[in-house]
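Chemist: Listed below are the residues making up each chain.
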Amino acid sequence: MIQAARSGDATARARVLAELQDPWFRVCLSLLGRRDLAREATQEAAMRCLRQLPGFAGQSQLRTWAIGIAINVCREMRRKGPAISRPLLIEPAQRPDVRAETVERQLWLRQLIEALPARQREAIVLRFFEDLSLEETAQAMSCALGTVKATLHQALRALRQRIPEPIEERV
Amino acid sequence: MSELREQLRGLRAGYQAIDYPGDLAAEILSDRRPILLYASWSALAAVAAIVAVVLLLNVPRRGADSVPMAPVHSVLADDALRPIPSLPEIPTGVSLVPPSMQEYGTLAPVPPSYQSFSLPAFPSFPTSSN
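Residue numbers (the working numbering), protein chains in the order written: chain A, 1 to 171; chain B, 172 to 301.
Just so you know, these hints were derived from the structure itself, not from any lab. Ideal Cβ positions, reconstructed from N, Cα and C, are used throughout, including at glycine. A couple of the hints might just be wrong.
As the list claims (entries may be wrong) - Quick list of the computed label-pair ranges, beta carbon to beta carbon:
{"no.": "1", "chain 1": "A", "residue 1": "ASP22", "chain 2": "B", "residue 2": "SER201", "range": "14 to 22 Å"}
{"no.": "2", "chain 1": "B", "residue 1": "ASP190", "chain 2": "A", "residue 2": "GLY55", "range": "24 to 32 Å"}
{"no.": "3", "chain 1": "B", "residue 1": "SER201", "chain 2": "A", "residue 2": "ASP131", "range": "29 to 37 Å"}
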């Protein structure tokens with residue numbers, strides 16, 4: 001499919017976009033915080049992806065490479081656009097088996113992630129929400145593996161320092 | 172896995188529930204590209220028209236103003252600056268009255284020009300009888 005898309009096959013390109021649209025939109029929404037901006041960033045990432053697809057060397061997964069494009073688009077939009085105060089729009093899972101305390105802690109954790117610096121937030125989103133490996137996270141963020149490790153370490157430490165203790169531990 | 176990582180994994184369920192609101196392939200491959208193509212061609216045509224108008228408006232004035240003139244070398248310039256020579260002095264002690272004939276003695280008589288005039292003989296032309 002990738003080879004056909006690289007050679008310009010319209011059906012293959014449509015399949016590539018259909019496969020990538022949800023990861024792109026999730027990443028963009030997590031980093032930009034507004035659905036309209038996330039949709040615009042997703043479309044821009046798709047356009048760039050189609051333009052750069054003939055030069056895709058296949059050294060990484062297509063999904064990782066494509067998420068890297070979306071990350072760059074979001075960075076550019078953050079630089080050009082107004083400051084985004086609440087960049088992460090993750091709703092906690094509404095399941096009957098999830099305790100109210102867990103939902104409360106997830107809400108709190110979400111707010112803490114929103115308050116992280118942009119690079120740390122990117123690393124958290126890619127590593128824990130998109131479930132990329134450390135190497136893939138580094139490729140998507142266009143930085144070295146050591147940089148990703150350090151960034152994740154700083155982000156997790158910041159979250160641990162601020163996250164409230166469980167109720168049973170507080171009592 | 173630490174408790175924090177477990178909580179992050181717990182948030183992942185809500186994250187994965189987010190979907191793109193629409194059909195990206197249909198938007199990009201069918202709608203946006205012709206619009207962008209049309210917009211880019213329109214912009215190109217507008218720029219070309221503006222450039223043409225600007226060139227047309229500027230060509231006559233630019234021609235009158237900016238065509239370099241060949242340097243004019245005046246031949247008269249050096250002569251005009253040359254000083255006028257002074258007038259020669261009038262000789263003194265020279266009589267303006269013509270001298271009388273006695274001062275030259277007798278002159279040889281000049282024969283009249285008609286006496287020394289003679290025509291050469293006419294050449295003989297060949298005749299048909301010879």
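Chemist: Output the numbers, in ascending order, of every earlier hint that fails for this structure.
Modeler: Violated hints: none at all, because every hint is consistent with the structure.
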